[in-house]
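*Asks:* Next come the chains, spelled out residue by residue.
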Amino acid sequence: MVDSQEFEYDVLVIGAGGAGLRAAIEASAEGCSVGIICKCLLGKAHTVMAEGGIAAALGNVDDRDNWKVHFSDTMRGGQYVNNWRMAEIHAKEAPERVRELEAWGAVFDRTKDGRILQRNFGGHKYPRLVHVGDRTGLEMLRTLQDYGIHQGIEVHMERTVVRLLKDGDGSRVCGVIVYDREKGRFQVFRAKAVILATGGIGQAYQITSNSWDCTGDGHSLAYEAGAELIDMEFIQFHPTGMVWPPSVRGILVTEGVRGEGGILLNSEGRRFMFDEIPDNYKHQTADNPEEGWRYTQGDKEARRPPELLTRDHTARCIVREIKEGRGSPHGGVFLDIAWIKEKISHSEEHIKRKLPSMYHQFKQLAGIDITREPMEVGPTTHYIMGGIHVDADTQMSTVPGLFACGECAAGINGANRLGGNSLSDLLVLGKRAGEYAADFARENNLGSIGGEQVEEAVEMALEPFGRDNDPQNGAENPYSIQNDLQKLMQHNVGIVRKEEEIQCALEKLDLLKERASRVHVPGNREFNPGWHTALDLNHLLTISEAIAHSALERKESRGAHFREDFPEKNPDFGQCNYVTIKGPEGNMLVRSEPIPEMPEELKAVIKEME
Amino acid sequence: MSGKAAFKILRGTSQGVEFEQYETPISEGMVVLDAVRQIQADQIPDLACRWNCKAGKCGSCSAEINGIPRLMCMTRLADLPLEKPVSVEPMKAFPLIKDLTTDVSWNFHVKKKIKPFKPRPPDASDGTWRIWQEDIDRVQEFRKCIECFLCQDVCHVLREHRLQSEFIGPRFLVHVAGLEMHPLDIEDRLEELKTAYGVGYCNITKCCTKVCPEEITITDNAIIPLKERVVDRFYDPLANLLRKFKK
Ligand SMILES: Cc1cc2nc3c(=O)[nH]c(=O)nc-3n(C[C@H](O)[C@H](O)[C@H](O)COP(=O)(O)OP(=O)(O)OC[C@H]3O[C@@H](n4cnc5c(N)ncnc54)[C@H](O)[C@@H]3O)c2cc1C
Ligand code: SF4
Ligand code: SF4
Ligand code: FES
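Which chain is which? The protein sequence lines are D and H, in order.
This note's numbering applies: residue 1 is where the first sequence begins, and numbers increase by one.
This note's numbering applies: residue 611 is where the second sequence begins, and numbers increase by one.
Bound conformation, chain H alone (with noise of 0.2 Å):
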């Protein structure tokens, strides 16, 4: 691969975006990240983006290229169509900052909420715990998590309907599901699942597991069983069925 590719940047701030077109060499292995900084260093030095591990390990470079949330790092030119320009911009659900920059602090409003681990006390004689591994393989696929915020920029009841001070978002929900998962935590977050975390608005259309780049099966795995374990507690049918007694 080599010769140039054009990139459709959205450039501005909260008082006004518009896409920009640059041309910039690619090579064999290039990744959007690094067309990207290449546009940054030849042409436009104060292109705001965020990157940091280059990797995908950090979740800092989170935009939306070609219209899907993605890691402009783990985003390869050569898996994209390069005879039209490649857009590139910033996640939808945040307030934009600059540019590719958007306000994400929210989300770290939301966790500081959640109920934090709380472990049984130590049980092993030497003042530590035995855990199995099978009883955390699924509590490791949450901790896989990187943070991205990619899943919460494509939910819809964030990104459309703008429920960030009802709902946690997919992010949120994987991290209370490795919380309760855990085989040490005894906390009881089933309260704050169905009012203040708002699981009820997730309907289940699985468009956060698409964009995951961890490849969390964050519906499957995390929301449903969460779901299932509000349902339980709250609307057990035994309890239904007394609650119509009652009228």
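Only chain D is shown next, with the shape it has when bound in the complex (with noise of 0.2 Å):
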């Protein structure tokens, strides 16, 4: 049943976004043998698709600008719960992973005396995403692929992890099974250390800007080998998406539109966003239109307009006119940019070249002309903040020989994440995780994949064909039960969260694994989608269930997490951690973790920049 050929490395890559790539170059710089499975093509992962930037304090176009100022403003937009080493060394770092890029290839847009150019983004104080128009995600990522194929890695693509193989004695982690969606065959990878960097879990909400491979299979695959996962409930909702036509519905349109001057209106027309201005952020932000304006264009004795205000709140505020009902005719807000030609001549040029992608979109999507008429946005699932628990400077999870990073790790963002910094989190935390894990199989063995591991894994993968196929006899259908469940995260576990929902969802979700476990596939094994669906399935169906347990726990509302039942935020929550764990019955166990105190110089670069 399984593929004699057996692969081998000293370090081995589960995922090639950002994240992966950036991991795998640096294991292979520190001499180790590296291989990298992912279960699409190489450079179409879910990376490709980040449109606005990447977050270092370069100081190009400010030079106001600094780590502790891009550390503080990480830490208040993540309201304090983030864990601070982690955004301390992204912070500090970021910039020369920036110009390594550069180094490697990429070609950044540019400031007037030839520097890499920078852009504003909600809840940076100074200007500070190195861009490309809007397709900075597919830079980086060919930037890291081209330079990554030089560099003796072997890429496995089209290959699907469905398990992580431990040890004999259960210790560490040694390997995975893999599954080719070409033939449908499985291999064992053998490896001294594993880095997961599988993304996200967007696939698991009905509206959402992800792309098909963002099923949280890396948080659940560390979860079932016993590894912790952690803020599990701060799921980030971008509050601009698209709305109209259905079928686009979710794809997002890019902070980069506000940070060039777009501003979001109700159907008053009334600029809705200065209504409500959160008492932490009221001195950085601008209390009218013209000051706000003058900001986008690099007047920097202004302050920043409150469309630029952050995720959640922006998130917030946009459902708050929807419900009222002063939303846009098909259920979103309007979001403006084509009025900045009272400002400046030549505003359509400046619009395409600014923001050549979203232009692109509407008017091939939408049929609809951003230089000329508003957009439809509203709310759609974006990020998680919350994944598997690493070590801040190692990016070892609570496995030995399992590291983690890119979006499916956790602890930089807190409880919301600033745009711009998961593109910086993936270079940054990506190579210390190749670094550290090469360091890691230098000093440890190949170890044996202990007891009847691989047999019972493909067992389990196989077992969706050997069902029974009558729906009369309770046969499922795998695409339906995720669409139920897409549709339950939405409403259940969304937005606006409370208890008796979460309760309902929990208990949904015990009905929706029943059913999962009915699914049958028809064919064969041979590219086989609804196959892959399946097992895909598992996934989301774990990470959903995790979230809503840490969405119960959390009886309070911070950051992207919002409580309709507990509005206001509690210092007492502000000091913890809610983490996941499997239990000894396979039940899922969640608990609080404290959060270990800042140390002085921290708090001390807080204060100093508040």
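Honestly, the hints are just simulated from the structure, not real lab data.
Heads up, some of the hints might be wrong.
Unchecked claim - Lysine-lysine pairs mimicking DSBU-like chemistry, simulated, CA-CA at most 30 Å apart:
{"#": "1", "chain 1": "D", "residue 1": "K352", "chain 2": "H", "residue 2": "K816"}
{"#": "2", "chain 1": "H", "residue 1": "K820", "chain 2": "D", "residue 2": "K363"}
{"#": "3", "chain 1": "D", "residue 1": "K183", "chain 2": "H", "residue 2": "K816"}
{"#": "4", "chain 1": "H", "residue 1": "K702", "chain 2": "D", "residue 2": "K363"}
{"#": "5", "chain 1": "D", "residue 1": "K183", "chain 2": "H", "residue 2": "K702"}
{"#": "6", "chain 1": "H", "residue 1": "K702", "chain 2": "D", "residue 2": "K112"}
{"#": "7", "chain 1": "D", "residue 1": "K487", "chain 2": "H", "residue 2": "K614"}
{"#": "8", "chain 1": "D", "residue 1": "K363", "chain 2": "H", "residue 2": "K694"}
{"#": "9", "chain 1": "H", "residue 1": "K721", "chain 2": "D", "residue 2": "K183"}
{"#": "10", "chain 1": "D", "residue 1": "K352", "chain 2": "H", "residue 2": "K723"}
{"#": "11", "chain 1": "D", "residue 1": "K363", "chain 2": "H", "residue 2": "K614"}
{"#": "12", "chain 1": "H", "residue 1": "K820", "chain 2": "D", "residue 2": "K354"}
{"#": "13", "chain 1": "H", "residue 1": "K820", "chain 2": "H", "residue 2": "K618"}
{"#": "14", "chain 1": "D", "residue 1": "K282", "chain 2": "D", "residue 2": "K498"}
{"#": "15", "chain 1": "D", "residue 1": "K363", "chain 2": "H", "residue 2": "K618"}
{"#": "16", "chain 1": "D", "residue 1": "K363", "chain 2": "H", "residue 2": "K816"}
{"#": "17", "chain 1": "H", "residue 1": "K728", "chain 2": "D", "residue 2": "K354"}
{"#": "18", "chain 1": "D", "residue 1": "K183", "chain 2": "H", "residue 2": "K618"}
Hints are included, so try docking the two chains, each in its own frame, into the full complex.
*Replies:* Here it is as structure tokens:
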């Protein structure tokens, strides 16, 4: 049943997004043999979609910027439940990682004096996002890919990991088992260290900006292997996704639109973001449209417009407008960039140059010319702050030999991520994961795969083919369960949450799990998306349960987690993170864990930046 | 827009293929990929196709729709005649895997063979470089490429003449142009362009430019300048004259 060919590497990376590629490059530079596995083709990972930019305090546009400001912005945005050490490392090392990309061939937009240009983004005090128009993710991924393929890394595309394999005594991870999409063959990969870089979970929700591969595999694989997950209640809903036509609902409209001067309006034409500005941002936010405009045009004396407040806040203001009947015809609000024609000549050209993909996207998919008319936008599931619990310096999970980086790892973002901080996180912490996994590989041998893990995994993966195929006898279609799951999460554990709804979600998740155990797929193992969906479904169900459990525990509202029944922030909850782990009976356990005290130097930095 | 539409999807493997027809409900704004996925969910769960971003950004969902190479996720049903079934087929220039998926691995091998980026040493005082926007506008156009391989699919040198072993195809000529015109790059790829990359096989039909979803002016901006560089180096008139003399 299993291909006799086995692969062996010092370091094995799962996922070829920005994080996985950066980790692989580093491990290879450390002299390790490196393999990388991804379930899509190389260069297609979700990272390719990132638009706005990479956050790094280069200070090219505003020389007042430095790591301290970036660090405090990140902590403030995350409402101080972030892992402060990760936020510190990230802010300090991001500039170097960006310059390195340039040395590997990336071609970022330039300042007038020939340096890397940076743009404004929500929650960042100064223009900080390194970018290429609105296709930064493509530039970053392609650079890493084109550099990476010449570093001796072996890439195994269209292979999906179905289980992490553990050592004889179960103490550490020492390999994985995959199936290949083309033929459906199972293969075993053995490695001294394994790095998970599998990205996000957006496909658990009905309205999402995330791509097909974001099914929470890494989160769930790590959980099954006994690793801790943390902060699973924090899901970022991006305030601006497309809402019309229905088939494109959820596709992202970059925050860059607002960075370039775009404004949010309700059906009455009111710029509603001025109506509610949170206290901790009041002193940094413009109190009139004129000042806001000047900020977007680089006036250093001006404060940012309220459209550039953090995503959690902006998304909730939009939901409020819609709920109170001031939404746009298709259930969103208006985002207008065309208005800047009042301010600058050649605004059409300007918009097309600054936001080419957005222009394209609306023109092609919605028949709207954004240089002339406003867009309709509404919140969309975008990013998970929670994920695999890792050590801040080494990125090792709570299971030895298993590392994680990128969106599937957690800590740096706390309760809400700032735009641009993900791409920089992929680079900074991806590099570290590669470096420390290489260290681990040097100190450990290949290990032997214990027990019947391989046979069990294959048997489980093949179950959907063997089951009864008659709907009369309860046979289920994987796509319809996935659909029902997405609706459930959207409605019950979405932007606005409350106890009864989350409880109800947990009950329904049990029913969905039961249905999933009756999934049947027709056809054979060769490139069979029905089968792939059936297997992804298990991951989606696991992480959905983790999200719901953690959301239930955090009885307060903080960052992206908003509880209608506890609408205020509660300082007690500000002292802890929620950790999810698989209990001895196979049941999911959630417990709170105190956040370690921040060292005095960092406290001083935050105070200084206030 | 509502009601139903019919789709003729080419199904099968290298062992044999056949068009099969399916009907599915349609709604406003739908793209071909929506219809294909709907058919997959409701009628044939094992219909093989690739997609990832559903936003025209990853280049996974390439197919031939009514005979024209396009991205399924960016082709609106409203722009197609729906009186007759919409035909959806895999790309023809690559070996078929199953249904709408083809084996595009050749492209990845080609890329690996191309001499990588090699920058000149940093020359600004801060240890980096100064690069001017006007010097990179062209390179940035090339770097918009999402590697959908639709241009490779349509190019007759690859599609009809099957010269995969001698010609890298428009996608990779764009890639080479992006490297050659990169203001920091100091590598020399002209010899390879002439030989291993086979730039001479392109006879400027511009079919590739027509299908590029990123609207990269492949032929005029990338291929022709590369051809000119090769000509300047290897077929310069003075050199030609000298060669004649020797005869
Ligand atoms: C539309 C959009 C715009 C964004 N814009 C920005 C931005 O401007 N700035 C910013 O900082 N962030 C942005 N983000 C967020 C950011 O893009 C992501 O958080 C980030 O790219 C995630 O990268 P990653 O490397 O962790 O994972 P991904 O890029 O998601 O890669 C995951 C990889 O893992 C593989 N994989 C998954 N499961 C398996 C499995 N079981 N077996 C084998 N392989 C597997 C996948 O095939 C893929 O290769 C944006 C997100 C979206 C959706
Ligand atoms: S212009 Fe050249 S590369 Fe493009 S399709 Fe024609 S022959 Fe092929
Ligand atoms: S050049 Fe255009 S058509 Fe060719 S692969 Fe790139 S994006 Fe696709
Ligand atoms: S799915 Fe990404 S381009 Fe169509």
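*Asks:* Indicate, hint by hint, whether the structure satisfies it.
*Replies:* Hints, one by one, checked against the model:
1. Proximity of K352(D) to K816(H) is assessed by CA-CA distance (about 25 Å); at most 30 Å being required, the pair is judged to hold.
2. Note on K820(H) and K363(D): the hinted pairing holds, with a Cα-Cα distance of about 18 Å set against a maximum of 30 Å.
3. In summary, the hint linking K183(D) to K816(H) is not supported, as the alpha carbons are separated by about 36 Å, beyond the 30 Å threshold.
4. Restraint check for K702(H) and K363(D): satisfied, since their Cα atoms lie roughly 29 Å apart, inside the 30 Å limit.
5. Note on K183(D) and K702(H): the hinted pairing holds, with a Cα-Cα distance of about 20 Å set against a maximum of 30 Å.
6. Taken as a hint, the K702(H) and K112(D) pair is broken in the structure, with Cα atoms around 46 Å apart against an allowance of 30 Å.
7. Note on K487(D) and K614(H): the hinted pairing holds, with a Cα-Cα distance of about 24 Å set against a maximum of 30 Å.
8. In summary, the hint linking K363(D) to K694(H) is supported, as the alpha carbons are separated by about 26 Å, within the 30 Å threshold.
9. In summary, the hint linking K721(H) to K183(D) is supported, as the alpha carbons are separated by about 25 Å, within the 30 Å threshold.
10. Taking the CA atoms of K352(D) and K723(H), the gap is about 35 Å. The hint is violated against a cut of 30 Å.
11. Only pairs whose Cα atoms come within 30 Å are accepted, and K363(D) paired with K614(H) is accepted, the gap being roughly 25 Å.
12. For the given pair, K820(H) sits about 24 Å from K354(D) by alpha-carbon distance, which is consistent with the 30 Å threshold.
13. Proposed proximity of K820(H) and K618(H) is supported: the alpha carbons are some 24 Å apart, at most 30 Å.
14. Between K282(D) and K498(D) the CA atoms are separated by roughly 28 Å; this keeps the pair inside 30 Å, and the hint holds.
15. At roughly 27 Å between alpha-carbon atoms, K363(D) and K618(H) fall within 30 Å of each other, so this suggested pair holds.
16. At most 30 Å may separate the alpha-carbon atoms for a hinted pair to count; K363(D) and K816(H) meet this at roughly 24 Å.
17. Taking the CA atoms of K728(H) and K354(D), the gap is about 29 Å. The hint holds against a cut of 30 Å.
18. Taking the CA atoms of K183(D) and K618(H), the gap is near 25 Å; set against the 30 Å cutoff, the hint holds.
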